[in-house]
Amino acid sequence: MITVSVIIPAYNEEKTILTTLERVRAQNVEDCCFEIIVINDGSTDGTVDALRANPELYDRLIEQPSNRGKGSAVLAGLSQARGDYVLFQDADLEYNPVEYHKLLFPICNFEADVVMGSRFMAPRYSRVHYFWNMLGNKFITLIFNALYNTTFTDVYSCYLLYRRKLVDPRDLKTLGWQQHAEILSIVVTGAEVIYEVPISYHGRSHEEGKKIRAHHAIGVIWTIIKKRLLW
Numbered sequence: 050m051i052t053v054s055v056i057i058p059a060y061n062e063e064k065t066i067l068t069t070l071e072r073v074r075a076q077n078v079e080d081c082c083f084e085i086i087v088i089n090d091g092s093t094d095g096t097v098d099a100l101r102a103n104p105e106l107y108d109r110l111i112e113q114p115s116n117r118g119k120g121s122a123v124l125a126g127l128s129q130a131r132g133d134y135v136l137f138q139d140a141d142l143e144y145n146p147v148e149y150h151k152l153l154f155p156i157c158n159f160e161a162d163v164v165m166g167s168r169f170m171a172p173r174y175s176r177v178h179y180f181w182n183m184l185g186n187k188f189i190t191l192i193f194n195a196l197y198n199t200t201f202t203d204v205y206s207c208y209l210l211y212r213r214k215l216v217d218p219r220d221l222k223t224l225g226w227q228q229h230a231e232i233l234s235i236v237v238t239g240a241e242v243i244y245e246v247p248i249s250y251h252g253r254s255h256e257e258g259k260k261i262r263a264h265h266a267i268g269v270i271w272t273i274i275k276k277r278l279l280w
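My numbering applies: residue 50 is where the sequence shown begins, and numbers increase by one.
The reader is advised that the hints may include incorrect statements.
[What the hints assert, rightly or not] Label pairs and their calculated CB-CB ranges:
id, residue 1, residue 2, range
1, 179, 117, 32 to 38 Å
2, 241, 102, 42 to 48 Å
3, 114, 82, 28 to 34 Å
4, 217, 95, 19 to 25 Å
5, 112, 145, 36 to 42 Å
6, 115, 202, 34 to 40 Å
7, 224, 145, 24 to 30 Å
8, 180, 220, 43 to 49 Å
Please keep in mind that the hints were generated in silico from the structure rather than gathered at the bench.
This one's a predicted model, so the numbers in the text were calculated from it and none came from an experiment.
Heads up, the beta-carbon is just placed ideally off N, CA and C, and yes, glycines get one too.
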């Protein structure tokens, strides 16, 4: 039996957090079980009340006293993860847990060390992307592939699944948007078997709360280069 620790940071997600958790809890993948870890990152809306009222939807709730950012929330979740694998899940329903079986297929059948979900591999459906966001993602993906000799199509997908032993959270040096790049750099370097699978995507608009902006790409690219050449 493979145990997957699902790390779910949440900040002011009262509209979607319970639906997200219900979908995660409902997943039934053969020979797999899920350890659901939610990190309330200092939410000021009804997120924490909803979580406290529905403890059956998760295995562990970590409450941060103030909003420290997604990177800090991820570190808090990783520090308590005990599964064989780690999977990141956003709480805003941009990514649908119903597709966990796709991510886990290469692990259960091919003993994959890392599986990345791609929004650009012709999934069943996908909300239209912002052109400049997509272009930035493609550029970052190109740089990553060139430096790490990989063929990813979407390195900035939220759905990154990897063997927990590949990353010691105490060794992570970054927070914010750079953290994903650092984690991916580490797991790709340490992995022997890597897969990428198509996933669906329902991205939010900026008005709906999407936070990433073009200037974030600078720090991400620098992190990828530093991790490969300097750290």
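Checklist entry - Measuring from beta carbon to beta carbon, are residue 114 and residue 82 in 28 to 34 Å? => result holds, 31 Å
Checklist entry - Is it true that residue 179 and residue 117 lie within 32 to 38 Å of each other by Cβ? => result violated, 27 Å
Checklist entry - CB of residue 224 to CB of residue 145, is that within 24 to 30 Å? => result holds, 27 Å
Next on the checklist: Assuming the hint says 42 to 48 Å, is it satisfied by the Cβ distance from residue 241 to residue 102 or not?
Outcome noted: Taking Cβ atoms as reference, residue 241 and residue 102 lie about 44 Å apart, which means the hint holds.
Checklist entry - Using the C-beta atoms of residue 115 and residue 202, is the stated range 34 to 40 Å upheld? => result For residue 115 and residue 202 the Cβ distance comes to about 37 Å; the hint holds.
Item to check | Pairwise beta carbon distance, residue 112 to residue 145, judged against the given window 36 to 42 Å | outcome: At 26 Å between Cβs, range violated.
Next on the checklist: Quick check: does the Cβ-Cβ distance between residue 180 and residue 220 fall within 43 to 49 Å?
Outcome noted: At 36 Å between Cβs, range violated.
Item to check | Outcome for the supplied range 19 to 25 Å, where the beta carbon pair is residue 217 and residue 95 | outcome: About 35 Å separates the Cβ atoms of residue 217 and residue 95, which means 19 to 25 Å is violated.
Checked against the numbered hints above, the structure violates hints 1, 4, 5, 8; every other hint is satisfied.
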